[in-house]
Amino acid sequence: MESITILAMVVLGGMGHIPGVILGAVLLTGLPEALRYGIEPLQRALFGRMIIDPESLRMLVFGLALVLVMRFRPAGLWPSSQRRRELAESAD
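Sequence positions in the sequence shown follow the working numbering and run 1 to 92.
Hint data in this document are derived by calculation from the structure and do not stem from the laboratory. Cβ coordinates follow ideal geometry from the N, Cα and C atoms, glycine included. Careful, some of the hints might be misleading.
[Said to hold, decoys possible] Simulated restraints, written as ranges between beta carbons of each label pair: (1) Y37 with G63: 17 to 25 Å; (2) A45 with I18: 23 to 31 Å; (3) M15 with R44: 17 to 25 Å; (4) F47 with M15: 35 to 43 Å; (5) R85 with M50: 45 to 53 Å; (6) I4 with F72: 37 to 45 Å; (7) L77 with P54: 32 to 40 Å; (8) E40 with E2: 37 to 45 Å.
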């Protein structure tokens, strides 16, 4: 599971660009933690009980984030300038 998490951080942030990978790591570490502590009280307030387990929701967020980035930003959230040029050339 850890290797998939690291791969997701690299893909989301932008391969070949260290600041992009750091951004991906911060997002994929911080967002699940925020969901873990925020989603349970929200579910209890709205529905009176837990409907979705926070750990299951974490996996859903990982998957959804990967799909959305692959679809709309294939170079990652913060790609290197060289990678951005390569993708622009291949699109033409």
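Here is what the structure says about each hint:
no.: 1; hint: Y37 with G63: 17 to 25 Å; result: 21 Å, holds
no.: 2; hint: A45 with I18: 23 to 31 Å; result: 40 Å, violated
no.: 3; hint: M15 with R44: 17 to 25 Å; result: 40 Å, violated
no.: 4; hint: F47 with M15: 35 to 43 Å; result: 40 Å, holds
no.: 5; hint: R85 with M50: 45 to 53 Å; result: 47 Å, holds
no.: 6; hint: I4 with F72: 37 to 45 Å; result: 21 Å, violated
no.: 7; hint: L77 with P54: 32 to 40 Å; result: 24 Å, violated
no.: 8; hint: E40 with E2: 37 to 45 Å; result: 24 Å, violated
Violation of the numbered hints given earlier is confined to hints 2, 3, 6, 7 and 8; the remaining hints are satisfied by the structure.
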